[in-house]
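Visitor: Going down the list, the sequences are from chains A and B.
Just so it is clear: in the first sequence, position 86 is 86 by full-length UniProt numbering, and no numbers are missing.
Just so it is clear: in the second sequence, position 67 is 67 by full-length UniProt numbering, and no numbers are missing.
Check before you lean on any hint, since a few could be wrong.
[As the list claims (entries may be wrong)] With the Cβ distance kept under 8 Å, some of the chain A side facing chain B (calculated, not the full set):
1. 28
2. 67
3. 82
4. 85
5. 93
6. 99
7. 255
8. 258
These are calculated hints, taken from the structure and not from any lab test.
The beta carbon of each residue, even a glycine, is placed where N, CA and C say it ideally should be.
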Amino acid sequence: MASAAKRLEAVSGTPASQIAFDGVTLVLGGKTIIENLSLGVPPGEFLCIVGASGCGKTTALRLAAGLYQPTSGKVNFDGQPMHEPRREIAIVFQDYGKALLPWRTAAGNVSLALEAGGMPSAERLARIEELLRTVGLPGHAGKYPSEMSGGMQQRLQIARCLAQEPKTLLMDEPFGALDAMTRQGLQDEVLSLVAASGATVIFVTHDLDEAIYLGDRIIGLLPHPGRIGIELSVNLPRPRDQLSTREHPEFLRLRRQLFDFIKATEQ
Amino acid sequence: MTANSAKALVLPLAVLVAFEIWARATHLQSDSLAPPSEIVMALFGAFADLSILAATRDTLFSAFAGLAIGTTIGLAFGIAFGISDTLDRLMEVTVEAIRPIPSIALLPIALIALGFGYRMEIVIVAFACVWPVLILSRAAVRSIEPRLMEVARALRLPPAQRVWKIIIPAALPRIFVAFRLSAGIALIVAVTVEIAINPLGLGAGIMLAQQALRPDLMLAYLVWIGVIGYALNILLVVAQIRLFGRAALSGDSA
């Protein structure tokens, strides 16, 4: 409750943004994907981005990751312009099967992030074990991704991102390919991981319920070109609960509002 | 495996038996043909006086040395061209101009520059082995899952680690296929050089047998070269499955 109040304060106040889009436009292959997007994400906020498919939500996330550079405008991280990806920003891709190294075990995949950070090999083993335990994969260190279920592979990718000790966690429809039960379990785990680490999160999803359940704030994008169409604060108590939160009148009100918005954009 | 391979053996065996019977019935006298039984006897003879073993050693030494050199060069350029579009475009004309030259056409130059012997043969084999490895490893690097390269970027993996930890392991299954192709080519080119001009190895053995009017020995060499080529391929296929079973599978689906 207390942390939720603090989060809301952070949203309504105007603290320095950790990630700030300032009039960002992105043109790819002659097509304007994102137009004049301005957006500030304060430290510790859980921001969800929703929108119809093709509205540029994944592209916005890649801009935040530094994987794309804006055609005009700028993306700042902690007040500094981003010209390339940074170690403080980790990105969880939707297609975990392609983002993991198939020739490395679970431990080896986590190790890659530690190796990139220059951690001496003597310290890695203990850290890997700790990270795998954090994401609920203890005892799977020796398994290859192909031997793991989709949910386990996505946990593994999250562990690799946590190994970066990110200030900002970017998630691109991370649970889109998982079944409903696995998805709900992972939603709660991400919430508790984020609460523990205090990381800022930008979470892209096409699942409106998921966005309301997870977020402090939700941004709905309009397509062709991508721009902000709606912005909602989520005044739901934390910690969230799969049953009571989803039955909360505020949850249902936001759900209605978001569905109406998406329906209107699709016409 | 067993039942099917047994069936596959029926036809060749029948042909061999028929040929043997025909050769004996007609009292075959030929400079180019010999009945299977005489070929087998000649092969035993060549093993007994160790001549075929020495020739095998010479040919395999040249072929493997050329293969090793050619693969190394091809791999280095292939990976570099696969990573850098600029470098690839810069070198494209050069590569496409040199590549179609049949390696054996270099024989006269190599002979003048290096003389008879291993060195000349190794250089020609190496030239032939560069291209399959270069072309296929370039394509392999190009077709690496883009997501993996993004992961490398997001993790801020330094360039050397990117090559060593992402690019080479991801491309290795396809690079090994290129290596298998080149291994076959190495054997072919080595024997060809020996038949054409170089007085050593299995190719020279065939030429000597032919000039001595020994079709049985000539065909024995031929059979033996076939056995070596077959064994080499089996060896490499087994190695491929052992080494890359898992990675090769994931590479196919990507």
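Visitor: Taking the hints in turn, state whether each one holds.
Guide: Against the structure, the hints:
Taking 8 Å as the C-beta cut-off, the interface hint given for residue 28 of chain A is violated, the closest approach to chain B being about 15 Å. The beta carbon of residue 67 of chain A is positioned within 8 Å of a beta carbon in chain B (closest approach about 6 Å), and the interface hint is therefore held. Look at residue 82 of chain A: its Cβ only gets to about 12 Å from chain B, farther than 8 Å, so that hint breaks. A cut of 8 Å between beta carbons decides the hint on residue 85 of chain A: the least distance to chain B is about 5 Å, and the hint holds.
Below 8 Å, beta-carbon pairs count as interface contacts, and residue 93 of chain A has one with chain B at about 6 Å; its hint therefore holds. At its closest, the beta carbon of residue 99 of chain A sits 5 Å from a beta carbon of chain B; the interface hint therefore holds under the 8 Å criterion. For the restraint placing residue 255 of chain A at the interface with chain B, the shortest Cβ-Cβ distance is roughly 32 Å, beyond the 8 Å limit, so the hint is violated. Interface restraint check: residue 258 of chain A against chain B, minimum CB-CB distance 29 Å, threshold 8 Å, status violated.
Hint compliance for this structure: hints 1, 3, 7, 8 are broken, all remaining hints hold.
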